[in-house]
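Student: Read top to bottom, the protein sequences are chains B and X. Residue 70 in the numbering used here is what sits at position 70 of the first sequence, and the numbering runs on without skipping anything. Residue 13 in the numbering used here is what sits at position 13 of the second sequence, and the numbering runs on without skipping anything.
Derived by calculation from the structure, the hints in this document are not laboratory data. Keep in mind it's a predicted model, so treat the numbers as computed, not measured. Treat the hints loosely; a few may be bogus.
DEER-style ranges, computed between Cβ atoms [unchecked claim]:
no.	chain 1	residue 1	chain 2	residue 2	range
1	X	Lys-203	B	Arg-197	34 to 40 Å
2	B	His-198	X	Asn-230	34 to 40 Å
3	B	Ile-274	X	Met-1	29 to 35 Å
4	B	Thr-91	X	Arg-299	26 to 32 Å
5	X	Lys-203	B	Gly-188	34 to 40 Å
6	B	Lys-76	X	Ser-270	50 to 56 Å
Derived list of chain B stretches under chain X, where covered just means 3 residues or more per stretch with a C-beta under 8 Å from a C-beta of chain X [claimed, not checked]:
no.	stretch
7	100-109
8	266-275
9	280-290
Even glycine gets a Cβ: it sits at the ideal position worked out from N, Cα and C.
There are 2 protein chains.
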Amino acid sequence: MKQAMLYGPANVGIEERPEPTILQPTDAILRLSATCICGSDLWPYRGIEPITGPTPMGHEYCGIVEEVGSAVKTMKVGDFVVGSFFASDNTCEICQAGYQSRCVHAQLMGTIGTKAQRARVPLADGTLVATPGVPEPDLIPSLLAASDVLGTGWFAAVAAEAGPGKTVAVVGDGAVGLLGVLAAKQLGAERIIAMSRHPERQKLARFYGATDIVEERGDAGVAKIKELTNGLGAHSVIEAVGTQESTMQAIGATRPGGHMGFVGVNYDVSISGIDLFFAGIHVHGGPAPVRRFLPDLLRLICDRKINPGKVFDLTLPLAQVAEGYRAMDERRAIKVLLIPEST
Amino acid sequence: MKQAMLYGPANVGIEERPEPTILQPTDAILRLSATCICGSDLWPYRGIEPITGPTPMGHEYCGIVEEVGSAVKTMKVGDFVVGSFFASDNTCEICQAGYQSRCVHAQLMGTIGTKAQRARVPLADGTLVATPGVPEPDLIPSLLAASDVLGTGWFAAVAAEAGPGKTVAVVGDGAVGLLGVLAAKQLGAERIIAMSRHPERQKLARFYGATDIVEERGDAGVAKIKELTNGLGAHSVIEAVGTQESTMQAIGATRPGGHMGFVGVNYDVSISGIDLFFAGIHVHGGPAPVRRFLPDLLRLICDRKINPGKVFDLTLPLAQVAEGYRAMDERRAIKVLLIPEST
Chain B
1 MKQAMLYGPA
11 NVGIEERPEP
21 TILQPTDAIL
31 RLSATCICGS
41 DLWPYRGIEP
51 ITGPTPMGHE
61 YCGIVEEVGS
71 AVKTMKVGDF
81 VVGSFFASDN
91 TCEICQAGYQ
101 SRCVHAQLMG
111 TIGTKAQRAR
121 VPLADGTLVA
131 TPGVPEPDLI
141 PSLLAASDVL
151 GTGWFAAVAA
161 EAGPGKTVAV
171 VGDGAVGLLG
181 VLAAKQLGAE
191 RIIAMSRHPE
201 RQKLARFYGA
211 TDIVEERGDA
221 GVAKIKELTN
231 GLGAHSVIEA
241 VGTQESTMQA
251 IGATRPGGHM
261 GFVGVNYDVS
271 ISGIDLFFAG
281 IHVHGGPAPV
291 RRFLPDLLRL
301 ICDRKINPGK
311 VFDLTLPLAQ
321 VAEGYRAMDE
331 RRAIKVLLIP
341 EST
Chain X
1 MKQAMLYGPA
11 NVGIEERPEP
21 TILQPTDAIL
31 RLSATCICGS
41 DLWPYRGIEP
51 ITGPTPMGHE
61 YCGIVEEVGS
71 AVKTMKVGDF
81 VVGSFFASDN
91 TCEICQAGYQ
101 SRCVHAQLMG
111 TIGTKAQRAR
121 VPLADGTLVA
131 TPGVPEPDLI
141 PSLLAASDVL
151 GTGWFAAVAA
161 EAGPGKTVAV
171 VGDGAVGLLG
181 VLAAKQLGAE
191 RIIAMSRHPE
201 RQKLARFYGA
211 TDIVEERGDA
221 GVAKIKELTN
231 GLGAHSVIEA
241 VGTQESTMQA
251 IGATRPGGHM
261 GFVGVNYDVS
271 ISGIDLFFAG
281 IHVHGGPAPV
291 RRFLPDLLRL
301 ICDRKINPGK
311 VFDLTLPLAQ
321 VAEGYRAMDE
331 RRAIKVLLIP
341 EST
């Protein structure tokens with residue numbers, strides 16, 4: 001089968017690789033309907049996160065079950081399924097508490113690589129959720145979004161306790177930030193402030209429910225959020241970038257006693273204890289337990305209540321993965337969907 | 001009146017100072033029944049937090065109302081009252097959300113200084129809570145504890161979401177940590193692990209409800225907590241020290257999805273963003289909004305349901321404040337109660 005591989009900084013291509021097979025009785029093999037490029041894929045692509053050799057890429061996926069191991073009970077060949085970027089058993093104490101991304105048996109799908117025609121998914125019963133019937137093709141982008149960016153934006157909004165009566169500020173106008181806006185709207189937030197200086201992304205933020213746009217960043221951005229919230233700061237702030245500046249902006253924009261949900265991968269961030277002490281806020285984040293939200297998200301998508309697939313503003317065949325990375329890297333595209341040619 | 005002053009590192013004494021007077025119609029003047037020395041008082045005493053000249057000390061207090069401003073409505077001369085270390089209006093949006101220590105009109109009682117015979121309390125209606133009648137003298141230490149250490153330990157336990165079915169670990173065996181144990185017990189925690197290597201403090205931790213004692217610290221302490229919790233970590237962890245080691249110990253001891261409540265003043269702590277990201281925990285803390293809890297705490301004390309006053313293991317007349325500081329500094333005493341001589 002064809003699979004995307006990263007060979008080194010800015011060097012990504014397609015090669016012929018062995019078909020995946022069932023290794024454990026809990027595995028399933030999927031024929032992927034769509035996959036995509038994640039903001040976090042740019043870390044190794046830019047050489048910030050080093051790789052030691054040719055590396056399979058990709059952790060977002062949805063598709064048709066082609067084969068199941070003997071222990072798989074909740075799905076059958078032909079089902080359309082969506083899974084998270086972490087495989088999880090969904091039965092351990094941590095999963096049952098809603099933290100499937102930290103399952104005691106968690107496996108990173110990124111190490112398997114889903115930018116491919118097929119993929120093996122471990123712990124299929126715990127990881128995958130089937131849609132009711134095979135969905136209409138126009139729903140595929142939204143279902144794919146549920147695999148990571150929607151689930152991650154949703155988790156950030158839940159971590160930030162977005163809800164009725166709340167003012168929510170969203171730091172970051174990438175796919176996750178934009179879908180954080182969507183999530184805040186669905187969770188009933190009264191006012192949603194998107195922090196963005198890109199006209200196209202502002203437009204999408206408004207489509208998803210943003211009531212206000214703030215173009216300022218850093219201290220000026222914090223001052224603007226305070227100005228819009230009676231000097232107090234937002235009740236709920238979503239951090240969907242992961243830089244030092246965006247983190248401080250998110251902490252500063254949260255009112256005392258408010259909630260900051262952070263999902264931006266933040267390798268170079270350092271938080272001063274005493275700043276956090278005097279902020280007096282709640283902080284929660286990390287790798288989103290997307291599996292917790294998948295059943296609800298798939299229902300909302302299949303009922304056409306939400307349209308997260310609009311974050312994909314470029315669709316390419318898998319063979320053009322290199323152009324997809326360039327478009328994301330140069331910020332010409334918010335998010336690139338890749339279609340594996342069927343075989 | 002007599003008031004304790006700090007003149008420089010390890011140099012504290014008593015001097016004669018002007019009687020406090022009503023400055024605002026919302027003020028009250030208290031004749032203090034008891035005051036005490038806080039762990040945070042040791043920062044300037046040790047020269048870590050610099051002072052610019054002779055400085056009044058103290059922010060914990062309870063006593064009898066001697067005079068009220070014309071706008072004070074909820075108390076009268078002769079009432080026995082307890083207040084927090086922050087004066088607060090208790091009416092602003094932040095107070096109403098339960099964060100009185102971050103009231104938009106907050107004033108630090110420490111800048112007034114309550115290691116004295118009398119003190120002016122601003123925003124008396126919002127800050128002070130009266131007991132039903134004048135309490136028996138043996139309740140005074142517990143009522144004084146409510147002013148800070150009990151309220152702070154209680155907030156830490158609430159921030160850590162201690163409750164039924166939860167395993168709570170407490171990092172720190174000072175007065176706040178010990179009263180965090182008490183709070184976790186009152187909140188219904190199933191198992192309470194006190195981290196302490198001091199026999200006397202272990203004994204008090206057990207008195208307050210600790211079910212387990214862990215003597216190890218740092219990584220060894222984290223490993224021990226995991227060993228006691230099926231490899232997962234505690235649901236709830238209280239950080240009541242404020243050092244880098246104690247903070248990392250608290251984060252490491254919390255299971256993914258769990259809650260860490262931190263109340264140790266943590267000037268020199270730096271938290272790596274990516275460590276917090278992959279911890280996947282909830283973090284909340286800061287200066288405790290003691291006022292939120294005061295009505296309930298005073299009721300529990302007056303009904304003799306809890307005995308937080310046992311953390312005071314040394315009682316001295318205010319005139320011996322210097323000896324009190326030495327005893328705290330040398331860890332000869334957990335917490336020192338000071339009795340202002342009445343005049």
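Student: Evaluate each hint against the coordinates.
Tutor: Status of the hints after comparison with the structure:
Checked against the hint of 34 to 40 Å, the C-beta distance between Lys-203/X and Arg-197/B comes to roughly 60 Å, which is inconsistent with it. Our hint of 34 to 40 Å for His-198/B and Asn-230/X is violated, since their Cβ atoms are close to 47 Å apart. Against the hinted window of 29 to 35 Å, the Cβ-Cβ separation of Ile-274/B and Met-1/X comes to about 34 Å, which satisfies the hint. The beta-carbon spacing between Thr-91/B and Arg-299/X, approximately 43 Å, falls outside the hinted interval of 26 to 32 Å.
At about 50 Å, the beta-carbon gap between Lys-203/X and Gly-188/B misses the expected band of 34 to 40 Å. A beta carbon spacing of about 51 Å between Lys-76/B and Ser-270/X agrees with the range 50 to 56 Å that was offered as a hint. A count of 3 residues in the stretch 100-109 of chain B with a Cβ less than 8 Å from any Cβ of chain X is obtained; the coverage claim is therefore met, three being the minimum. Using a Cβ-Cβ cut-off of 8 Å, 9 residues of the stretch 266-275 of chain B lie near chain X, which meets the minimum of three, so the contact claim holds.
With a cut-off of 8 Å between beta carbons, the stretch 280-290 of chain B has 9 residues touching chain X; three or more are needed, and the interface restraint holds.
Violated hints, listed in ascending order, are 1, 2, 4 and 5; each of the other numbered hints is respected by the structure.
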